[in-house]
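*Asks:* As given, the protein sequences belong to chains P, C and H, one line each in that order. Residue numbering for the first sequence follows my numbering, beginning at 275 and increasing consecutively. Residue numbering for the second sequence follows my numbering, beginning at 43 and increasing consecutively. Residue numbering for the third sequence follows my numbering, beginning at 948 and increasing consecutively.
Treat the hints as calculated values from the structure; they're not laboratory data. Even for Gly, the Cβ is constructed at its ideal location relative to N, Cα and C. A hint or two may mislead.
Said to hold, decoys possible - Simulated DEER-style distance windows between Cβ atoms:
| id | chain 1 | residue 1 | chain 2 | residue 2 | range |
| --- | --- | --- | --- | --- | --- |
| 1 | P | Ile-321 | C | Gly-156 | 26 to 34 Å |
| 2 | C | Ser-227 | P | Val-410 | 40 to 48 Å |
| 3 | H | Asp-1015 | C | Asn-84 | 52 to 60 Å |
| 4 | C | Glu-75 | P | Gly-481 | 56 to 64 Å |
| 5 | H | Ser-1025 | C | Leu-309 | 55 to 63 Å |
| 6 | P | Gly-351 | H | Glu-1273 | 37 to 45 Å |
| 7 | P | Ile-551 | C | Leu-121 | 33 to 41 Å |
| 8 | P | Glu-350 | H | Asp-1151 | 52 to 60 Å |
| 9 | P | Ile-321 | H | Ser-1199 | 53 to 61 Å |
| 10 | P | Ile-551 | H | Glu-1445 | 55 to 63 Å |
| 11 | P | Ile-551 | C | Leu-196 | 25 to 33 Å |
| 12 | H | Ala-1404 | P | Glu-350 | 54 to 62 Å |
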Amino acid sequence: MSAAGPATVRDALSSGEGLFHPRRLLRFLLNDASGMVGLSLVLLVAICAVFAPYIAPYGPNEGALLEARLPPAWQEGGSTAHLIGTDQLGQDLFSRMIYGSRVSLLVGVLGALMAVAIGVTLGLLAGFYGGWTDTVVTSFTNLLLSIPYLVLVIVIATILGRSLTNVILLFGVTSSPVFIRVTRGEVLRIRRLAYVEAALGLGAGAGRIIPRHILPNIIGPLATLATFEMSAMIFYESGLGFLGLSVPPDVPSWGNMLALGRRFLTIYPWMAIYPGIAIAITTLGINLLGDWLRDTIDPRAEER
Amino acid sequence: MIGVLVLVFFMVRLTGDPVSLILPVTAPIEQREQFREAMGLNRPLLTQFSDFMLGAAQGDLGRSLRLRQPNVGLILQRLPATIELAFAALLFAIVVAVPLGLAGGMNPGTWMDGLARAVGLAGQSVPNYWLGMLLIVFFAVELRWLPSFGRDTLLSLVLPAVSLGFAGMGQLVRLTRSAVLEVRSSDFIRTARSKGLQRSRVSSKHVLPNVAIPIISVLGIQFTYLLGGSVYIEVVFAWPGLGTLLESAIRDSDFPLVQAVTIFISLFAILIHLLTDLLYGVIDPRLRLS
Amino acid sequence: MSRFLKRLTVLVLFSMLAAPLSAQEASGELVVSLSSDPTSLFMPRTADRTAANTAWSLYNSLVWINDDLEIVPALATSWEITDDGTEYVFELRDDVTFHNGEKFTAESVVATWETGMDPSNDYANAFEEADSVEVIDDYTVRITTPEPNATFLTRLATFWGMVPPEYIREVGIDAFAQEPVGTGPFRFVSRAAGDRVVMEANPDYWEEGLPRVERLVYRVIPDASTRLAAIQTGEIDIANRLTFDQVRTLESNDDIELVSYLNDRAYYVGFKNVGAGEGTPLEDRRVRQALNYGTDRFGIIAAIFSGQAEPLASFIVQGNLGYDAEMMQPYPYDPERAMELLAEAGYPDGFQIAMGCPADGYVNINEVCLALQRSLAQIGVEVNVDFRTTNSFWSEPNYGVTGPMYVDSWSSEIGEALPRLQGALIPGNYYNTWEDERFADLIAEIEETVDREARAALYQEMHELMTEDPPFIYLYQPMIFEATTSRVKGYNPRPAEEYFLKSVSVTN
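Bound-form chain P, shown alone (with noise of 0.2 Å):
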């Protein structure tokens, strides 16, 4: 978004310097106003996940059913014992909205590194050796982005039953496409470049070239990508849950609190509204933690 900030990037990859230099990386965030809220938005429900044993008030399936349905502290009939009010079964909501970031950010962490794994791992075979391995992992990659990605999720979902694994496994794979396809490209492009052909011609074998060429050149635009699909993942993972489709309806998670608080929604919309408001800040976070990541790790690429 800066225009200063991408410039200095790139005067940095070309001077040698590793891109991802933590105090590098950390002053350009602090320069770009967005970047820092995104930045901020992500850590804070981050350590609420981390700490949410010390943070929540209660625990998460902790509840007495005398204080079923309680309002928010602020309006008639609330309590301050519990900020948000109570869901049917006299659980805090508070508190498990505050565990439910533990959910979403398992699946959106865990979900992105294993899509980004399985991708990089076909898209380099595939790219490198080409041949049938490729025409494999192409038609694979085709076959998922051909049918509508929410509805491969529901019906993979439906498939695999509700389990926190399953959950990551679905969105593991079902992202993977993208990154297959990103890698896949840059194995291709950078193979053609004259350096790279000659190392090729003069016997280094893919041990050598991989690490030394084509990572280093792929991980800047992966690391852009994964952070929209956790965005995503943790996104499409709530309405799972909403469908009655995601993790075991005991754990606390967004989506599942989501679904409940829709059966009460017109006449307790509390149950419904705080966990839609954390699925909204954690999605804005991340995306405009990926926003800044991309403009400044590669100015020039498209809005997608």
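Use these hints to put chains C and H onto chain P, whose structure you have.
*Replies:* Same frame as chain P, now just chains C and H:
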């Protein structure tokens, strides 16, 4: 496309046994067997598969187990509702997003631009089904301005279309804004400006056509996304389209219907992509050559 | 010209005849919500209650079950049953026509039976219970059953919606289901899949003064919260399948009337003594008794259902034939007794066991499963709740996907516990997981006992057996909550969530 058929066929067969979900709980085992027989479910999987592929080649996507009707017919009955919703959502997105994006892009740094950026981010971050729920509470239950569910009059289209189109709107605002920024900084605009052309003229003659191309390319993608996203919105608003059809088919493990809807939506998405490509050519003749 | 005149005279005559008959003119429009799109409007294919409720607006059967759950004449004016209980002779009404103008005769009963048995039908078995259907004359028909069948008339009233022979034979079942024709109070106008079914009053309906509304619109709204919103805005007149939590806030709303009644449905935890249940502590009767003592069903009802459910004593629930409140007391909540029994059975420290739960399959079921877990933990039984999507939960015979225990429910639409007893306790049935000859023999006896009093006694015997050596943990019998707009009069749903709209009227 054949890949899609294969994948979908085997994928949906893993979702559970349809007979147990479709027949009444009291149905005795013999009746379940008879039903299986009548529906052709106890033939070898490969025979079922080859029949399915042969049928698909002739445009026959089988029959629904639960509704006992040809799937194509069921889909066509529901299709208009979904297309209507998707178009309305797209229209909403365009009507809000393009002017806002243009205004933002043409006046960077102003409050207009700030608004455009905010709307862009909001669209990306707010879950559409959640928005739908809030809209129902506010506009249907509290204010009673608009219907809360179903497909009745044109009014009943408003809330679902806004919820569904919200994400697309966000993306479009961002896209339009950045496309405008890019075009404005390109050489020919600067030349036109320096030649003393009026601002409004510059924007209508030079900026708009160049901004249109990326917008149209995204509209194609948007439409595909809307087809998927409509599952949630249709469920929230009890909208009688493909989304609710798919959702109930999944719940019942009515797999001929699940696979038919999935395949149909995929086909539809591919078709839309082709259409967008064609549209490109019309708008930008240079692309036709390549 | 003359033909036109003739038709005109017929019309005029008709309207003159009709006028004095319908003292209360059918008027107004009634909008009813459906919680799912009806699978079919052909009776033998109405797999769920929603579809059956909708379809019954179009049809009549030979006999009917009235609001007091008694069997009364409908299209048959009278019937006789032979002494051995296997032959029924029905005298039929001679003044009934189908919506398409066909006359209702004995031949219609034959056609109904024949088309009903088609193996593609969900309820083919309800028609296979008859061996033969013979025309004696135009308005007399004989139906024979292979064995005496205690519930045959009930099955007639529940599934045998009479169809016009010529039309259904001409177009076939599939096409018939698209444009159904019956003799019922309403006739089919149109249907938009997933959206609505529209019907209008049958002007020639044979029951005097019925139906009371001119136009009947069913709207499909799968989601309870959407139904709730729609009744609040007045977009629909009848919203069913709501929860107490949802309706309690409507009490103060003058535009809305609440309807509630006890559902004929038993919620329970099933045990397995076959498959996953073999070799588990559940095989010991004392353990199963202990689990019943250790289940705080009263607490669950108070907490999760705000008290709006009845604790369950056995499968014979309130409102069922043979139910006796005094005799049928639920297991008390007695964790100490439970632990004693566990210790006697050799499990002083309890044990671990898995329990399947159909996530979101029923109202509040997730919470019930979790509450059960907590409750049984108190007596040292550590329950691992295995939440399953409903698809996988019910997709294998004998709940094959879950461990030795599972949560489920069973309803009955005949006012007797028989269907759930048969379904759950007769070995070989699809959802049977508990094999015990004593249960099976007693159920077989109930099936063949035509006399109601005798049957009631057998149900009580069944209750004793089921309490002493419990094949389930008995949980609760829920209340059903519905809401109507205050302009709706005469809406009377029945314990199995059945409702018939012919006598419902609306004021404007």
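*Asks:* Each hint needs a verdict: does it hold in this structure or not?
*Replies:* Hint-by-hint comparison with the structure:
1. P/Ile-321 - C/Gly-156: 26 to 34 Å: 28 Å, holds
2. C/Ser-227 - P/Val-410: 40 to 48 Å: At roughly 43 Å between Cβ atoms, P/Val-410 and C/Ser-227 fall inside 40 to 48 Å, so the hint holds.
3. H/Asp-1015 - C/Asn-84: 52 to 60 Å: About 44 Å separates the Cβ atoms of H/Asp-1015 and C/Asn-84, which means 52 to 60 Å is violated.
4. C/Glu-75 - P/Gly-481: 56 to 64 Å: 58 Å, holds
5. H/Ser-1025 - C/Leu-309: 55 to 63 Å: 59 Å, holds
6. P/Gly-351 - H/Glu-1273: 37 to 45 Å: 41 Å, holds
7. P/Ile-551 - C/Leu-121: 33 to 41 Å: Because 35 Å falls inside the window, the suggested range holds.
8. P/Glu-350 - H/Asp-1151: 52 to 60 Å: 57 Å, holds
9. P/Ile-321 - H/Ser-1199: 53 to 61 Å: For H/Ser-1199 against P/Ile-321, whose Cβ atoms are near 43 Å apart, the range 53 to 61 Å is violated.
10. P/Ile-551 - H/Glu-1445: 55 to 63 Å: Distance hint for P/Ile-551, H/Glu-1445 is violated at roughly 43 Å.
11. P/Ile-551 - C/Leu-196: 25 to 33 Å: Hint holds: Cβ distance 31 Å, inside 25 to 33 Å.
12. H/Ala-1404 - P/Glu-350: 54 to 62 Å: Check passed, 56 Å falls within 54 to 62 Å.
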